[in-house]
Amino acid sequence: MKLDSRIPEGPLEKKWQNHKANIRLVNPANKRNIDVIIIGTGLAGSSAAASLAEMGYNVKAFCFQDSPRRAHSIAAQGGINAAKNYQNDGDSVYRLFYDTIKGGDYRSREANVYRLAEVSANIIDQAVAQGVPFAREYGGSLDNRSFGGVQVSRTFYAKGQTGQQLLLGAYSALSRQISKGKVKLYNRHEMLDVVTVDGKARGVIAKNLVTGKVERFGAHAVVIASGGYGNVFFLSTNAMGSNGSAAWKAHKKGAAFSNPCFTQIHPTCIPVSGSHQSKLTLMSESLRNDGRIWVPKDLKDAEAIREGKLKATDLPEEKRDYYLERRYPSFGNLVPRDVASRAAKERCDEGFGVNKTGEAVYLDFAAAIERYGKTEATIHGVDNPSAAQIKELGTKVVEAKYGNLFAMYEKIVDDNPYQTPMMIYPAVHYTMGGLWVDYNLMTNVPGLFALGEANFSDHGANRLGASALMQGLADGYFVIPYTIGDYLSEEIRTGEIDITHPAFATAEAEVNDTIDKLLNKTTKKHSVDHYHRALGKIMWDKCGMARNAPGLQEAIKDISALRAEFWASVTVPGTKNEMNPELDKAMRVADFMELGELMCKDALEREESCGGHFREEYQTQEGEALRRDEEFAFVSSWQYTGNPSEAELIKEDLIFENVELKTRSYK
Amino acid sequence: MDLKLKVWRQANNKSKGSLKDYQVKNVSGDSSFLEMMDQLNEELIYKGDEPVAFDHDCREGICGMCSMHINGEPHGPETGTTTCQLHMRKFNDGDTIYVEPFRAKAFPVLKDLAVDRSAFDRIIQAGGFVSVNTSGNTLDANAIPVPKSDADAAFNSATCIGCGGCVAACPNASAMLFVSAKVSQLSLLPQGKVEAKERVTNMVNQMDLEGFGNCSNVGACAEECPVNISLENIARLNREYLGASLTASK
Numbered sequence: 001m002k003l004d005s006r007i008p009e010g011p012l013e014k015k016w017q018n019h020k021a022n023i024r025l026v027n028p029a030n031k032r033n034i035d036v037i038i039i040g041t042g043l044a045g046s047s048a049a050a051s052l053a054e055m056g057y058n059v060k061a062f063c064f065q066d067s068p069r070r071a072h073s074i075a076a077q078g079g080i081n082a083a084k085n086y087q088n089d090g091d092s093v094y095r096l097f098y099d100t101i102k103g104g105d106y107r108s109r110e111a112n113v114y115r116l117a118e119v120s121a122n123i124i125d126q127a128v129a130q131g132v133p134f135a136r137e138y139g140g141s142l143d144n145r146s147f148g149g150v151q152v153s154r155t156f157y158a159k160g161q162t163g164q165q166l167l168l169g170a171y172s173a174l175s176r177q178i179s180k181g182k183v184k185l186y187n188r189h190e191m192l193d194v195v196t197v198d199g200k201a202r203g204v205i206a207k208n209l210v211t212g213k214v215e216r217f218g219a220h221a222v223v224i225a226s227g228g229y230g231n232v233f234f235l236s237t238n239a240m241g242s243n244g245s246a247a248w249k250a251h252k253k254g255a256a257f258s259n260p261c262f263t264q265i266h267p268t269c270i271p272v273s274g275s276h277q278s279k280l281t282l283m284s285e286s287l288r289n290d291g292r293i294w295v296p297k298d299l300k301d302a303e304a305i306r307e308g309k310l311k312a313t314d315l316p317e318e319k320r321d322y323y324l325e326r327r328y329p330s331f332g333n334l335v336p337r338d339v340a341s342r343a344a345k346e347r348c349d350e351g352f353g354v355n356k357t358g359e360a361v362y363l364d365f366a367a368a369i370e371r372y373g374k375t376e377a378t379i380h381g382v383d384n385p386s387a388a389q390i391k392e393l394g395t396k397v398v399e400a401k402y403g404n405l406f407a408m409y410e411k412i413v414d415d416n417p418y419q420t421p422m423m424i425y426p427a428v429h430y431t432m433g434g435l436w437v438d439y440n441l442m443t444n445v446p447g448l449f450a451l452g453e454a455n456f457s458d459h460g461a462n463r464l465g466a467s468a469l470m471q472g473l474a475d476g477y478f479v480i481p482y483t484i485g486d487y488l489s490e491e492i493r494t495g496e497i498d499i500t501h502p503a504f505a506t507a508e509a510e511v512n513d514t515i516d517k518l519l520n521k522t523t524k525k526h527s528v529d530h531y532h533r534a535l536g537k538i539m540w541d542k543c544g545m546a547r548n549a550p551g552l553q554e555a556i557k558d559i560s561a562l563r564a565e566f567w568a569s570v571t572v573p574g575t576k577n578e579m580n581p582e583l584d585k586a587m588r589v590a591d592f593m594e595l596g597e598l599m600c601k602d603a604l605e606r607e608e609s610c611g612g613h614f615r616e617e618y619q620t621q622e623g624e625a626l627r628r629d630e631e632f633a634f635v636s637s638w639q640y641t642g643n644p645s646e647a648e649l650i651k652e653d654l655i656f657e658n659v660e661l662k663t664r665s666y667k
Numbered sequence: 001m002d003l004k005l006k007v008w009r010q011a012n013n014k015s016k017g018s019l020k021d022y023q024v025k026n027v028s029g030d031s032s033f034l035e036m037m038d039q040l041n042e043e044l045i046y047k048g049d050e051p052v053a054f055d056h057d058c059r060e061g062i063c064g065m066c067s068m069h070i071n072g073e074p075h076g077p078e079t080g081t082t083t084c085q086l087h088m089r090k091f092n093d094g095d096t097i098y099v100e101p102f103r104a105k106a107f108p109v110l111k112d113l114a115v116d117r118s119a120f121d122r123i124i125q126a127g128g129f130v131s132v133n134t135s136g137n138t139l140d141a142n143a144i145p146v147p148k149s150d151a152d153a154a155f156n157s158a159t160c161i162g163c164g165g166c167v168a169a170c171p172n173a174s175a176m177l178f179v180s181a182k183v184s185q186l187s188l189l190p191q192g193k194v195e196a197k198e199r200v201t202n203m204v205n206q207m208d209l210e211g212f213g214n215c216s217n218v219g220a221c222a223e224e225c226p227v228n229i230s231l232e233n234i235a236r237l238n239r240e241y242l243g244a245s246l247t248a249s250k
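For the record, the sequence lines run as chains A and B.
Sequential numbering of the first sequence, starting at 1, is according to this note's numbering.
Sequential numbering of the second sequence, starting at 1, is according to this note's numbering.
The set of hints was computed from the structure by calculation and includes no laboratory data.
Listed next, the in silico DSSO-like pairs over lysine-lysine satisfying Cα-Cα at most 27 Å (straight line):
1. A:411 with B:90
2. A:180 with B:197
3. A:213 with B:14
4. A:411 with B:4
5. A:585 with B:14
6. B:148 with A:396
7. A:557 with A:524
8. A:180 with A:31
9. A:537 with B:47
10. A:525 with B:47
11. A:585 with B:25
12. B:25 with B:90
13. B:20 with A:585
14. A:524 with B:47
15. A:31 with A:184
16. A:374 with B:148
Pulled out of the complex, with its shape left as it was, chain A reads as follows (with noise of 0.2 Å):
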């Protein structure tokens, strides 16, 4: 099978200018007579949602969550990209298509970034014009921070709620049509299975996740936005729902997977404290900005740390060893998330690791309190300031800038960051991969489509910070409603979908099936639980920040087999009809398990090293990543066969016409 992106034709910064010009539309009257499913409502679900519905098209929108508000959006912190250049630095829609592609470590499409860097100024507009309320400095005007792996400042933000912010603009839109009865929102509902008639997507299966009841929807186009798959290392950074179902059925139902084992392991994260431990979280990357990142020079003095006999801040300055900007002079701390993450597991391998598990680094705010304090001494007039009144100057700065995320730290940590350095991990945050999609953003399943972090169409290997919220807003409100529109002027004769039809018959028997598989067990061993964290620590151990092949083999078999024992002797309590949390989960981590497998999988097959993929094999003298352009420079995209291991791998070449793939450098 091919696969045809179907990227315009004529210069890079035209194609979306002239496709948009040229492409196939429908008209009012018949938007009424159409619907579309978008499952999820997340900022890629939300805007999409919001967008089609003020088009005239006749949306149905669906969350697991109680409310839409609550997609995982919501946690992202640190910002939103635009090519604004209101900070006047150089910033340009061809630096931060630039900086993308080379964030990527390219292995992403030109088309699709420039596109994504073009609609990006428009998003801020259309928030501004919701009523997100967005920093500004004191004239009014929209305040801007950095990032990690550029060298402006093109990231806007509301304090580090930023996700939060902008969910609750789109979510805000998407009520007003719910209100217009444009929209209709099946809430606490999860999509269990796409369904397709003659080729085509035309309905989905979901669960009432109150009532237990299965049901069938139908519509002339589906639409995925349900996110990412990172749970499938049990240990993330993502939300306890949070899962990667609705992209595994519609792949089982024929859409390719690209680039599975593109996973973001994100550097600052607060580390692992123990086995009770459900989720991870995230500090901001931009921390990065403020924070320096250190660990002790010596290894008697890491180790003297870890016993608890000597704390951070006793350490003199010569003995702290800032591997950051010592490796990388001209980033420093705003490296990359793949390649900070890697030096601080470099770090913490080699045995300078600060915590009781020998796994976290220093994130350091004492320098940035100093600075911060000093000019705020001169600008009220403080002569010979003392360092007490600087560093409550300086504190009070940075707490303006990252307030809610320092009061996170200390209430999971019991320790004050004001004070002593905070400490972080790297954990899984984000996946690149995702269904496989054209420039229209459609699935090689007509009619199904994908958008946000469920594709894997604009991040590449590795996606810059701030990039997955523009990603997001870019693909539902600038992106779907012109592309979604060259599909459906086909559909206007179609009429009601039909969901007596056999094709809804049969998905909805297959869900019942499983359903009823996971509850009737005469053998029931372990909890959902148990079988996702012994998924999770095969994917950690052997499919994380570092891999190699025959790790990567062992890890498909070990994956295999968890997976066997999961459907002989899985426990899941309660019954199909009523409210049952066990069972919604168990259906996740089934999911979770082929998918795991995949991955592995793919990061086998990539014999190279890029972005979040790092094979140990392919490395350079200093450790930095091994690209292998000439044999690897292609998008995997994996068809199902049956078995997630079997899968049918096609190649998409990725071809660079406006800039010149090099080895990335940071240094």
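Start from chain A and add chain B according to the hints.
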């Protein structure tokens, strides 16, 4: 630490519920309250009992999905904290902890500790938005300067996570703090001023329709709010509502 729990169990919306006793042993002080509940549920599952249903998602204190009335307070004893961010180090070995659902007529219990808060969504649908289409053909984001103090105040109101703790804390089960936070955010910004009168009228009407009680200035809502939404918002709501009812065109 070892704990005694008294947990509200209720099979569904129609059935009657009651408090049941449980014990959880060897709870780590570093666990969050929800992780302690996970621990209880794991034990129940292995015993062949039915685990306790409760709402939760992000476990970072931002999504607003977790609820629970803990020892008589929404989100438990610590101020400015959601249940997911409440850590067990705040409790002592041997403590007895009461865990109940949020209680309010407008928040019917679905099962055990999970309640239906879609009334909040319907209040937002009644007017918690700016009526602007998502075309992208809007003004440049910097076209209207917004004083920093207004932007900051709007942000503070906008940080409401919609958890419903304010309703659960209020003796009248009023939703005034929730409604006022959204009304404030949008009335403080130039973009929201255009339809401020319709908004406040519609949202307050919907709040009444949903069966929330009236505000009698007790202040428990702000006291218990996990993200410290201030009572000032209610004052602003009252002012906006009064203004709208005297001058609205309809």
